[in-house]
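Participant: Model the placement of chain B on the given structure of chain A, informed by the hints.
Quick mapping for you: the protein sequence lines, in order, are chains A and B.
Residue numbers for the first sequence, in my numbering: 1 to 724.
Residue numbers for the second sequence, in my numbering: 1 to 82.
Calculated directly from the structure, the hints in this document are not laboratory data.
Among the hints, erroneous ones may be present.
[What the hints assert, rightly or not] Far from chain B by the CB rule (all over 10 angstroms, computed), these chain A residues:
hint, residue
1, Arg-309
2, Ile-497
3, Asp-674
[Said to hold, decoys possible] Now the in silico label distances, taken between C-beta atoms and shown as ranges:
hint, chain 1, residue 1, chain 2, residue 2, range
4, A, Glu-488, B, Glu-37, 32 to 42 angstroms
5, B, Leu-77, A, Ala-250, 53 to 63 angstroms
6, A, Gly-166, B, Leu-77, 51 to 61 angstroms
7, B, Arg-26, A, Lys-667, 51 to 61 angstroms
This structure is a prediction, so every number in the text was calculated from the model and none was measured.
Backbone N, C-alpha and C fix where the C-beta goes; we use that ideal spot for every residue, glycine too.
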Amino acid sequence: MAAAVTVAIPAYNGARYLDEVLAAVRAQRVGADVELLVIDSGSTDGTLEIAAAHGARVHSIPKAEFSHGGTRNLAMQLAEGEHVAFLTQDATPAHDGWLAAMLEGFAAAEDVALVFGPHEPRPDASHMIKCEMERHFATWGGGTELDVQRLGHTAQEVAEYRRFPGRWTFFSDVNGCVAKAAWRDIPYRPVAYAEDQLLGREMIEAGYAKVFHPRAAVIHSHDYPPAQFLRRYFDEFRSLREVLDHVEVAHPVYTPLTIRGLVGHDKRWLQRQGVQGRDLVRPLAVSARHHGIRQLGAIVGSRADRVPRPLRRALSLEGRDSFTPYDVPESPLLASTTQPDSRPVRLDAGWDYDFITRAYPSREIATVPHAGDAGGPWRVAWVVPPWRIGSGGHTTIFRLIRQLELRGHSNVIHVFDPFGHNTLPGSELREQIREQFVPGVEAEVLLGVEDFDSADVAMATEWTTAFPVRDLPNCREKGYLVQDIETEFFATSAQRIWAEETYRMGYRCVAYTPWMADILRDDYGLESHWFECGTDLDVFPFAGEEGREGEIIAVYARRETPRRAVDLAMAGLAVLAQRRPTIRPVLFGSRQKSVLPFAAEDLGVVAPRRLSQLYRQASVGLVFSLTTHSLVAHEMMASGLPVVELEGDNVGSALGASGDLVALAEKRPDDIADHVERLLDDREAAAAMARRARAFVEERTWERAGDQLEGALREFLANPRRRG
Amino acid sequence: MSSNDWEQRALAAEAALEEVRAERARLWQELQRLQRERQDVAHLQGVVRHMEGSVSWKVTEPLRAAKTLAIRVRRQLEQRQG
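Extracted from the complex, chain A is given alone in its bound form (with noise of 0.2 angstroms):
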């Protein structure tokens, strides 16, 4: 019968341990055949005797044709069993419960390709080399718990294993052991050393799982003189250049640091162990002596290649003066360049346009059936972008939040914030909104959307909010809020190609103004409600012609926001003032410096008092819109201030004709002079217009605007969402 698990030993003159290593794995106790397989290349110590004293099979190899993956694949095709531990000819199993051990681990996960297990030393090893090992295996389940390491593919996962590799890469077939099936699907590569650290990686990033069984121990542990030791890293090194390119760092601050971290570990460990005071002076000297030999041999192995060969095979234990780079394939996962004039970038999982790759394939939008019961008082989210003190689109949404409270409905904000503009806690935003925006505003303030819980109606109020609503659970209905046509304020891009794609998922909207919602019934087939904004007539009072200044112009001037055409609206005014060197233009709204042909003054973002108060000292407004139209027109409206707007259907379907409400003049600079001066010159008519403004202003109420909000809601709630 097959045995189920072999135990496979390489061997060349072990004579020294490998009786007490055969005899530990033949006093295992596990519950299945077991197979010793011993691979001698050409030992002359009595090491053949040994095996076959124990009942090993022996299969020889000549010396020359032994390397360390080669010679283990090898034991590989060679071996019955379908798991293979490996030992060394020096490594003892700790106890009879060693493989049995081993193959729990496999036991762990369907996809463990290998196990493996500490290292414990041998009585008479040096404290370095104790505190070493525990502190080494001290990574996988605190040295004590058996540990699953399987590689993560999120950004946070492999930036992670990029730092420390080793924590999933370690494999060490001293003791350790490798499922067959894995095998043949990766085997060892054939190199001369480090084949067991090439092999955990290629098994790690293939997908397989990796297991540390904390019981699974091995009596094992190198001891040399000061000089041996020397030598014995200068091999290992030089091997670790050799297959793994690594090159250990050499520096005059980074290097001592080094050493002394290493002594300081075997300080705290002899501490532990009760060694005190003067006590520690002489084992921490030979610490000292060792980790400095250790980085010596260190870097110099690892710089092998520039080391003349004579002096090579000096500073070599095995003998050696070669040095012979193996051609093994890079790890996709841990190159950091392929041009070598790149530079690596950071890698974050919580990159700005996360919530993009997580919005696809697209979806419907997520809704709870209903039977169209629209009794309130309902439970609103809204989910909203960050913002600035001053935006006019939150005022807006913060306005008719407050309309919906006023009615008795419960209102949330979820702040949506991939891009990370916000840094203040919830509370602190709710006090800015009532303090900043809209007094009284009672809605809690929640960030992200993690803690939504239910709600009658979500409501997205930007292209960004539209994604994460679409996908929230527990709503009866959902709407969108949309207050302009943000496609428009991209140019050719993927910002351009989200936004539009927001327009797509079959939302129920609530359009600011008429012409929004047909753009959005027309042009994307969405169910289109509308409303109409109020303007805060306590702020915005109404001033007749007493007071204005003949020449001063009020200038909506937001650099910031391209739509409001800022230089068409100073190119208007570089030819006005040409022709009336008189003119005092006031810009407001912006934080950008400006550079004028023309003599003008720029009052930044100021509050909406301020605003009033010029408002009612100037002669013309200047407000362009290229989408809806601007609340900034309809405040100067508001304080008696005749505006000139730029024409089209967005101005033209809310304001009417040019010179019934606003002047609507052509896109052209000498256009929009024109209509400036006529303003300035013709006061009786310029006062006409406003007060007929002042009119349409005065019907367009925050209340109003609640109603048609309220009426959109309750009309969403009474028709549920049709599916399919």
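Facilitator: Quick look at chain B alone, frame taken from chain A:
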């Protein structure tokens, strides 16, 4: 049973339904408040962690230790005198 009874019962049921809806909205708002407070606590814990991990906090640690010691010594002296 008269139609008047049915109407009364329907009106009572509607009133009860409205009460339930109002209570649900109130509880929902309470839930939002608790979630906001939980988020605030997490935020403030983060602020404290950040502050205590800062170099300036660590650099001034001896000053705070000295102050604590001074207060303790003064109290003990006051107790002895008192």
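Participant: Does Asp-674/A sit more than 10 angstroms from chain B, CB to CB?
Facilitator: holds (54 angstroms)
Participant: Does Ile-497/A clear chain B by more than 10 angstroms, comparing its Cβ with all Cβ atoms of that chain?
Facilitator: Nearest chain B Cβ is 33 angstroms from Ile-497/A, so the label holds.
Participant: Could you see if the CB distance from Glu-488/A to Glu-37/B stays within 32 to 42 angstroms?
Facilitator: Once the Cβ atoms are compared, 40 angstroms apart, the range 32 to 42 angstroms for Glu-37/B and Glu-488/A holds.
Participant: Looking at Arg-309/A again, its CB stays over 10 angstroms from all of chain B?
Facilitator: holds (50 angstroms)
Participant: Between Arg-26/B and Lys-667/A, is the Cβ distance one that fits in 51 to 61 angstroms?
Facilitator: holds (53 angstroms)
Participant: Confirm or reject the claim that Gly-166/A and Leu-77/B have a C-beta distance inside 51 to 61 angstroms.
Facilitator: Cβ of Gly-166/A to Cβ of Leu-77/B: about 57 angstroms, so the range 51 to 61 angstroms holds.
Participant: Given the hint of 53 to 63 angstroms, is the C-beta distance from Leu-77/B to Ala-250/A inside that range or not?
Facilitator: holds (57 angstroms)
Checked against the numbered hints given earlier, the structure satisfies every one of them.
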